[in-house]
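**Q** Next come the chains, spelled out residue by residue.
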Amino acid sequence: DGGITQSPKYLFRKEGQNVTLSCEQNLNHDAMYWYRQDPGQGLRLIYYSQIVNDFQKGDIAEGYSVSREKKESFPLTVTSAQKNPTAFYLCASNPNRGTEAFFGQGTRLTVV
Amino acid sequence: AQSVTQLGSHVSVSEGALVLLRCNYSSSVPPYLFWYVQYPNQGLQLLLKYTSAATLVKGINGFEAEFKKSETSFHLTKPSAHMSDAAEYFCAVSQRGSARQLTFGSGTQLTVLP
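Protein sequence lines, in the order shown, are assigned to chains X and F.
Everything in the first sequence is counted per this note's numbering, starting at -3 for the first residue and increasing by one.
Everything in the second sequence is counted per this note's numbering, starting at 423 for the first residue and increasing by one.
No wet-lab data here; the hints were simulated from the structure.
Please note: incorrect hints may appear among the correct ones.
Just so you have them, the derived chain X footprint on chain F, three or more residues with Cβ under 8 Å [to be verified]:
1. 464 to 475
2. 478 to 486
The following label-pair restraints were derived from C-beta to C-beta distances [what the hints assert, rightly or not]:
3. Val108(X) to Ser474(F): 44 to 50 Å
4. Gly430(F) to Ser63(X): 21 to 27 Å
5. Thr477(F) to Ser76(X): 47 to 53 Å
6. Ser448(F) to Ala77(X): 29 to 35 Å
7. Thr477(F) to Arg104(X): 20 to 26 Å
8. Ser450(F) to Gln37(X): 20 to 26 Å
9. Asp34(X) to His504(F): 24 to 30 Å
10. Glu486(F) to Lys53(X): 34 to 40 Å
11. Ala57(X) to Gln467(F): 23 to 29 Å
Glycine included, each C-beta is placed from N, C-alpha and C at the ideal position.
Same shape as in the complex, but just chain X (with noise of 0.2 Å):
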């Protein structure tokens, strides 16, 4: 089945520790998203790729880096810069500009 897979369902992490969110996408899509979901806030960008070996930052890049060393994959990482970390993260992906995205199921990260 086509689709987006994200791991793990839930992460904690200490504080001062980088921790690396995997997603992985088959629908062949160019173009793959990580949002950063708090209660009330709605979804804000956090990283986004075009194309392998290149992305820009969102809105809210701060404290986060990623890579896309392959078409599939877009790894978020939460560096210990980020100093409110806890919330839950969605990935995407879509095949063309402007259109809908399709979603993950995310990651719940929480720090300890």
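Put chain F on the given structure of chain X with help from the hints.
**A** Structure of chain F alone, referenced to chain X:
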């Protein structure tokens, strides 16, 4: 720049009653508009989309939305609510040809009362 405003962070309706979730947008160019639904601890699922064809758009699960350019609105409706409709709903806008992807509203939590 583009933005989305969803009026009402929480909406409650009785089972069988009309569902109306409001969405207003701003966009400097003709937009694409979307409604998504999210169940707890899950990703977002597309309900319907407007991409400049018919202004009345029908989606899944009996939902529909009407694009009104003069009012810059894209309200979501369903004639008769079902218990399974309880979820969070997001309106989103994008600009045609934009690489920057969707801008989301803050969401509306729909509660369906028995």
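**Q** Each of the hints needs a verdict: does it hold here or not?
**A** A quick look at each hint next to the structure:
Look at the segment 464 to 475 of chain F against chain X: 7 of its residues bring a Cβ nearer than 8 Å to a Cβ of that chain, three or more, so the hint holds. Counting residues of the segment 478 to 486 of chain F whose beta carbon lies closer than 8 Å to any beta carbon of chain X gives 0, which falls below the threshold of three, so the coverage claim is violated. A C-beta distance of roughly 48 Å is found between Val108(X) and Ser474(F), which places it inside the suggested range of 44 to 50 Å. The hinted range of 21 to 27 Å is not satisfied by Gly430(F) and Ser63(X), whose Cβ atoms lie roughly 39 Å apart.
Checked against the hint of 47 to 53 Å, the C-beta distance between Thr477(F) and Ser76(X) comes to roughly 49 Å, which is consistent with it. Range check, Ser448(F) to Ala77(X): Cβ separation about 33 Å, and the 29 to 35 Å hint holds. Thr477(F) and Arg104(X) have their C-beta atoms about 38 Å apart, which leaves the hinted 20 to 26 Å range violated. Checked against the given bound of 20 to 26 Å, the beta carbons of Ser450(F) and Gln37(X), roughly 23 Å apart, stay inside it.
Taken as a hint, the range 24 to 30 Å holds for the pair Asp34(X) and His504(F), whose Cβ atoms sit roughly 29 Å apart. For Glu486(F) and Lys53(X), the hinted distance range of 34 to 40 Å is satisfied, since their beta carbons lie about 36 Å from each other. At about 26 Å, the CB distance of Ala57(X) to Gln467(F) agrees with the hint of 23 to 29 Å.
In summary, the numbered hints that this structure violates are 2, 4 and 7.
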